Amino acid sequence: MGDFDFGVIERSLGYLFREGMTFTLTLTGIAAAGGIFFGTLLAMMRLSSHKWLSLPATAYVNLMRSIPLLLVIFWFYFLVPYIGAWVTGSSQPIKVGAFTSSVVTFMLFEAAYYSEIMRAGIQSIARGQVWAGLALGLNYWQSMKEVVLPQAFRNMVPILLTQTIILFQDTSLVYVLSITDFLGAASKIAQRDGRLIEMYTFAALVYFVVSYVLSQLVKRLQLRIAIIR
Amino acid sequence: MNYNWNWGIFWEMSADGRHTWFMTLIMGLGWTLATAFCAGVIALILGSFIGVVRTMPVRWAVRLGNAYVELFRNIPLLVQLFIWFFVLPEVLPDSLGDAIKAMNPPWASFVPAVLGLGLFTAARVAEQVRAGIQALARGQGMAGTALGLTLAQTYRSVLLPMAFRIIMPPLTSETMNLIKNTSVALTIGLIELTAAARSMQEFTFQVFEAFTAATVIYIVVNLIVVNLMRWLERRIAVPGFIGPAVGGGGH
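Here the protein sequences come in this chain order: W and A.
Quick note on numbering: the first sequence equals residues -1 to 227 in this note's numbering.
Quick note on numbering: the second sequence equals residues 10 to 260 in this note's numbering.
Read the hints as simulated data drawn from the structure, not as lab findings.
A portion of the hints provided could be inaccurate.
[As the list claims (entries may be wrong)] Taking CB as the label site, the calculated pair distances span:
1) Ile245/A <-> Leu51/W: 36 to 42 Å
2) Leu219/W <-> Leu232/A: 49 to 55 Å
3) Leu51/W <-> Leu156/A: 22 to 28 Å
4) Pro148/W <-> Glu99/A: 50 to 56 Å
5) Leu134/W <-> Trp240/A: 46 to 52 Å
6) Val229/A <-> Ile123/W: 33 to 39 Å
7) Trp129/W <-> Tyr12/A: 49 to 55 Å
8) Arg152/W <-> Arg147/A: 20 to 26 Å
9) Trp20/A <-> Lys143/W: 52 to 58 Å
10) Ser52/W <-> Gly17/A: 47 to 53 Å
11) Val229/A <-> Leu136/W: 42 to 48 Å
12) Lys110/A <-> Pro148/W: 35 to 41 Å
13) Val211/W <-> Ile245/A: 38 to 44 Å
These numbers come from a predicted model, not from an experiment.
We treat Cβ as the ideally placed atom computed from N, Cα and C, and that holds for glycine.
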């Protein structure tokens, strides 16, 4: 057993939370919002009766779900500069920061998982409701916006939040791009001061507390929603 | 777009001077599958045990099982692997810790990776097993007791055979998650498939060829696993019994 110095945690708290945790939470927030938005669009495409809409969406979701997140992170890290060049019409791959790259990666990757949840949510709404909407003269977008999606979201809120907690944990994988997220910050201090045990144990503890507390809150929410329904 | 495609790169010699890049990727796949298999064995045995414990009429045992699941589910896999890789050798008694540190390269990261992935996946298997057992009608366990079976016999002959059949679909997706999750072991130095593609990209700059190859291999492995599990599911199906679906999710 070596001698421990837990003071290193106290001394680096500012760096860990102000830089690291802020990055982690920002990434989680943007990726969750974007992921749910694109995921809902993907779910609507998959449920469409037009083959040219449902097939690409299905292929995209299945592709994203069958390769590891780390490989996707590497893919987008190199692909985003080329996509950017294509969008802006530049002949050279444009420079994209690690933050932008990881936001795009997580948004598009998580969209596949959120879309599966939203698909189940949309399918949980009785078909008669859509027909009722159409009978009232609403078009597809109106009946989606006013009738189906509000209920689908409501039914799926606990599962969407659970997926977001998983996303929060998964953002730690940006470590491979040497980004200073919470784990990246902990790891940099750990290597600078040679305090691997203290820092990694502390990182595990923080991730555990955040995820555990959030998952308990989701459980409570689930019970409340279940009573209303 | 000025990117020089070169699909012939796979047949060129890799950085180690002995294998082609194609063989490098195949060896990476080998490590991916070996890690997933060993971790899967640990996860299935430990996960089943903990899952069963969580349904037993013993309060403290249920609490202990729940604590295990919560602990391993709420810490990112990457952090768990770091703990097994960096922290475990330091907190063990000196002789054992030194023996771990003295292991040769592939094993020094393979063993912590298997351990970490196994214990992580066990928590998820435990959750499925618990759900599977609780999905059975309560009368099944009572019938076992009424027949004079002990608790252990009830589990072995009545509850578990049906519970495992019910949870085959979620176990299939857990198996695929496990194979995908082995890629996280690259952070502790295991040259599995993703790491092999990454090293190919670093040495040859053929980014998209390397990642396309890895992606295709992962998809093929996925298809094989899904079909194997479906075949197994059909093989062990009990005629007339259609198990209710148990929720999966996550990755």
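Each hint, compared with the structure:
1. Ile245/A <-> Leu51/W: 36 to 42 Å: 38 Å, holds
2. Leu219/W <-> Leu232/A: 49 to 55 Å: 37 Å, violated
3. Leu51/W <-> Leu156/A: 22 to 28 Å: 56 Å, violated
4. Pro148/W <-> Glu99/A: 50 to 56 Å: Check passed, 53 Å falls within 50 to 56 Å.
5. Leu134/W <-> Trp240/A: 46 to 52 Å: 49 Å, holds
6. Val229/A <-> Ile123/W: 33 to 39 Å: 37 Å, holds
7. Trp129/W <-> Tyr12/A: 49 to 55 Å: About 50 Å separates the Cβ atoms of Trp129/W and Tyr12/A, which means 49 to 55 Å holds.
8. Arg152/W <-> Arg147/A: 20 to 26 Å: Cβ of Arg152/W to Cβ of Arg147/A: about 31 Å, so the range 20 to 26 Å is violated.
9. Trp20/A <-> Lys143/W: 52 to 58 Å: This hint holds: roughly 54 Å between Cβ atoms.
10. Ser52/W <-> Gly17/A: 47 to 53 Å: Check failed, 37 Å falls outside 47 to 53 Å.
11. Val229/A <-> Leu136/W: 42 to 48 Å: 45 Å, holds
12. Lys110/A <-> Pro148/W: 35 to 41 Å: 57 Å, violated
13. Val211/W <-> Ile245/A: 38 to 44 Å: 40 Å, holds
Of the hints listed earlier, those the structure fails to meet are numbers 2, 3, 8, 10, 12, in rising order.
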